[in-house]
Amino acid sequence: MDRRLFLKFLATGILVGCAPGEFTSSPIKTNVLRPPGAIPEDFFASRCIRCGRCAESCPYRSIKILDIKHGFYAGTPVIYAEKIPCYLCMRCVKVCPTGTLQKVSQKEVRMGLARVNRRLCVTWNGTGICRSCYNACPFKEQAIKLDRLRPIVVPEACVGCGLCTYSCPVKPKAIVIEPIYAFKASK
Amino acid sequence: MKLSRRQFIKRTAALTAASLVGIELPKSMKDAAQAADVDSWKPGVCRFCGVGCRVYLGLKGGKPVAIKGIPESATNKGYVCMKGMLFYKIIHHPERLKKPLYRERKDQPFREISWEEALDIAAKKFAEAVKNHGPNSVAYYGSGQALTEETYIFQKVMRAGLRTNNVEGNPRLCMASAVGGYLTSFGADEPIGSYADIEKAYCFFIIGSNMAECHPVLFRRVMNRKLSKPDEVKVINADPRVSPTSRIADLHLQFRPGTDLALLNAMAYVIVEEGLYDETFIKKYCKFKLGKPPKDVSFEEYKEFLKQYTPERAAEICGGNITPEKIRTAARWFAKSKATMSLWTMGINQRVRGVWANNLIHNLHLLTGQLCKPGADSFSLTGQPNACGGVREGGGLCHILPAHRPVKIDKLRHEVEDLWGVPRGRIPAKPGYHTIAMFRAVNEGKIKAMWINCTSPAQSLPNCDFYRKGLRRDDVFIVVTDIFPTKTTEVANLVLPTAFHFEKTGVYGCTERRSQLTVKVIDPPGEAKPEVWIVREWALRLAKELNDPVIKKCVEPFIGLEEGYELPKAIWEEYSQKLTKGRDNDLSAVTYEVLKQRPDGVQWPAPTKEHALKGGTYKKFVRGIDPLADKHAKGDDPYVFYGPAHKDHKLYIWLRPYKGAAEEPDAEYPFFLSTGRVIDHWHTSSMTGRIPELLRANPYAYVEINPKDARRLGINPNDMVEIETRRGKIVLPAKVYEGPIEGMVFIYWHDMHEERMANRVTKDAFDPGSKEPEFKICACRIRKVSGPKPLRPYVVGHKM
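For the protein sequence lines, the chains are A and B, in the order given.
Going by the working numbering, the residue at position 147 of the first sequence is 226; the numbering climbs one at a time, nothing skipped.
Going by the working numbering, the residue at position 79 of the second sequence is 70; the numbering climbs one at a time, nothing skipped.
If a hint is listed, it holds; no wrong ones were tucked in.
Listed next, with one range per pair, are the computed distances between beta-carbon atoms:
#1 A:E257 with B:R96: 53 to 63 Å
#2 B:K54 with A:P138: 39 to 49 Å
#3 A:R140 with B:E86: 24 to 34 Å
#4 B:R96 with A:P138: 35 to 45 Å
#5 A:E257 with B:E307: 50 to 60 Å
#6 A:E257 with B:R774: 32 to 42 Å
#7 A:A236 with B:G778: 20 to 30 Å
Don't read these hints as lab results, they were simulated from the structure.
Beta carbons: idealized from backbone N, C-alpha and C, even for Gly.
Chain A with its partners taken away, still in its complex shape (with noise of 0.2 Å):
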C-alpha cells in the first residue's frame, strides 16, 4: 500500500466512522452517564424533550447539558463523574416532566456500576494504602467493603454515582463508573 492509499484510507475511515457516530451515537461510555433514574439509552433522547430542568434543580451542577456537537442527543443531560459526580439529592427525578427521569429512590438508582483496576489502584497493586473510594461512598460498606484493605464494589449496592471515581487520587483513575444499565434493553 502507498502512502497516497493509506492516507486516502485513513480519511475515508474518519468520514464514515468517527464523525457521524459523534452525531448519532450515544454520548454515554465510562465515566459519562445519565442522570438518576434515566430510561434505557435506546429510548432516553427520543422521550427527553431537552427542557433542562434537571440540570437546573441540581444543585451540585453536576447535571450538564450536550451541547451541538452531539446531532441527536445535543440538549439531553450528562453526569461527568470525573468532575463532578452525584451526590444523590434526588432533585432531577423530581423534576423531570416526561418520565425520562423516573421517579426512583437513592437506593434504585443505576447509573452504573464502578469497577476497580487492580492495577492502577494503590492498595491492589501493593505500592500504597488508600481508602478515598470508600470513605467517599454513600453507602459505605454496602456498596464498596474493604477486603484486607483493598477496595470492592458489591453490584447488588452500587449505584454509580461517581463519588468514588472523583475522589480517586490516581491518575488515571483506577476506579471508574460503567454506564453497564444503560444499554441493557438492546443487549
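Mind docking chain B on chain A? Use the hints.
Below, chain B without anything else, positioned relative to chain A:
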C-alpha cells in the same frame, strides 16, 4: 539505570499491553517501567504522622517528582499512604512562603522585607517585651513536626537566654496525657516495646483510636497479623463510633462517650474476680497507689475499690451495646492471650481525665503481666512525626527540660545549666504556662511577644474563636515560622518562610523511640531558611539588644556553621552526646554518622556505639536487650524498671475512679460531639489541602450522624446541618452513617473554612494533670438548615 527513549516507550507499551490482557510481568521490568522517569531516589522519613515511615524521594533534574516507600524499612515495610505518596507536590507548591513578611498592625497588609530587617524586628520586639514586662511576657509555641534540633535550640534560647519556661508546643494537645500516664504508671515516658511486637501479639486491645484512618500503615500490620492467624489472634475495639478500625474487630465495645474509665475498671474487676491476674508479676514489680499525693494501698483495698465497677454496673454506665458478658469476654481475652498489645491515641488522651484513662489501660497490663514479653505492650500511638523525639525528649514543653528532666527538680535543672555552660539559676525553677494557660495569658495581654513555629493554633486550639480574639490583639507581637499561609499567619505580625522536609537536615523520633535522619537534598525556594539558622541569627541579635552575653553563649558553639547540614549536626551532637548521656533516653552514641549507617535509625536507649549500630533497644527494661536494665540491675529479676520518676523501680497500679466528660449532654444540648481525622487529610490540612488529589478525595469536612437520629430529625444525606454548642455554631453537610453511636455526632476537623471549622465549637476544658484539652467530648445540638448545597473547598488563597 539508564534507559533510552525508545526502550522506555517499548517497556511502557509492554506494560500497558500486559495489564490489558492480565499477564504478570517479570518484576524487574515492571519496576524499570515505573521508575524510569526519576534520576535518583533519596532516602528520608515521611513528613506526616508518627508512624515514621521510611520513604524515597524521587528527583528528576533536581526537582521532586515522586515518593515511594522503602521496602526494607522496619516501620512501614515499603508501604505508604496517599499523604506520604503525594507530599512531594507541596515542596514546589506555588503558594510556598518565599520572603519574610511584616506588618506593624494586624489590620494592615503584609509587605515583603529582607531577612536582616525581619530578624532585627523580631529581636527588638522580644527584647522590648523582656525589658518592659519581664521574661514571662514572651513565649514560644512549637510543634511535634519541628525537627529535634529545632525544638532543642528554640527552647535553649528561651530558657537559658530569655530566662523563661514559656516553651510549649502542640503535643500538649495530643500527647500530654500519654506522657502523664507513662510517668505515673511506669516511671518513664514512652512505650516499652516496639512495632515489632505487633507481629508477636495474640490479642489487640484498640481503644480510642481509629488507626485505620490515622495510622494506616501500622494498621496494615495489625490487620495482617490478624489475618495470618484469624482464629488465634483476637482484636477488641472499644470506641463509641464504628470506624474502619472496627471492621477487623472480633469484639466491638460501643460505649457512650466519656464512660471509658468505668469500662476499663470493670475489665480489671473481671481479671481480679476470676483470678486471671499474674500474682508473681504483681508481687515482684508492682505497687498499688491512690490519690494525690500518692499513698500506698494494698491489693485488698484495690479489690474493694473495684467492687464499685462490676460488669453489671459498668454496662449500665457505659450504655451503647455494652453488656456484662461483653466486658467479661474482653477481659478474659485480654488476660488469657499469649501476648496482649493495647493501642490507643486521642480518644483516650484528649479527655478531661486522660491521664487516668491511660493509667487504667496500664493497670490491665500490670495486673496480667502482659508487659515486657514479646508481643505484650501498652503502646500509645503518636500523631506527629516528632512529638516523641523532639518535644517529649527535646524539652519542648513548659515543665520539662531536654532528656526527660522535670524543670522543678533543682539537681536536674542545674545539670542542664552546667552542660550548657550558663550560670546556675539562669533557668527559672517554675514551669511556664501550659498551652491553654499560655493562650489565656495572650487573651489577658500578659504575653507581649510570641513565636509560633510550624503549627496553626488559630485553628487547632479548642474553642479557637475565643483564643483568636487574643491573638488578634495589637499589643501582642506574633512571629510565625511556616511554609504556607495558614489561619495563624492571618494573626501574625511577622511571617518567616522556612525550609520544608528534605530542604533541611534533621532527626525525627517516631512513636517507638526510633530516631531517623533526613538529609537535605534540595534547596528551599526563594529566601526560605531552616529554623535552626533563624534561631541562631535571632539569638545573636537578641544578645546585642539585651546586652546579655549569656544569650550569645547559648548559640556560641554554632556560630558560622553552614545551615543545611553542619549546623543541625552540631546541635544534634550537643543534644545527644551531652544532654541525653546517662538519662533514660540515652542517645549519646547516636551520631549523624551512625544514623547514616543505620538506615532504619536507632531506638533509644543506645549508650554505646556497638548497641546503636545494632539498631538500639527493641524493648526497654528487659535485661539482655536493654543495656540500661543491665546497668541498673540489683537482683536476678529479668526486668528492671529503672524509670527516672519512680525511685523505687516499681510499677504503679492506680486506683482511679470513674469520671465523666466535662460537658455532658443535657436537655438544651442533647448530643455528644466528637471530632477526628480522615485518612486523606492531616491536622489543619494546610499541607494536604494543597495536594489536589487529596483535596478532591475529601474537599470539605462533614458531620456523621447515626441513621436513627437522622430519621428523627428529618435529616437526609448531604443536607446542611447546623452544629451548635455553648461556644459557637458551624454548618456542615451531613453524612448519615451507621458510625457514631445514637446520640452522638462526629465531625472532621481538618477543614479551614470558617463555616466548617470544627474547633470553633469544641470545648477547652482540660485534664488537671496533663493539661491536655478534652477535644473529644462536648455537648451540642443539631438542626437541619437547608437541603444539599454545593460547597467550595477552602485553602488559603488556593484556586481549584
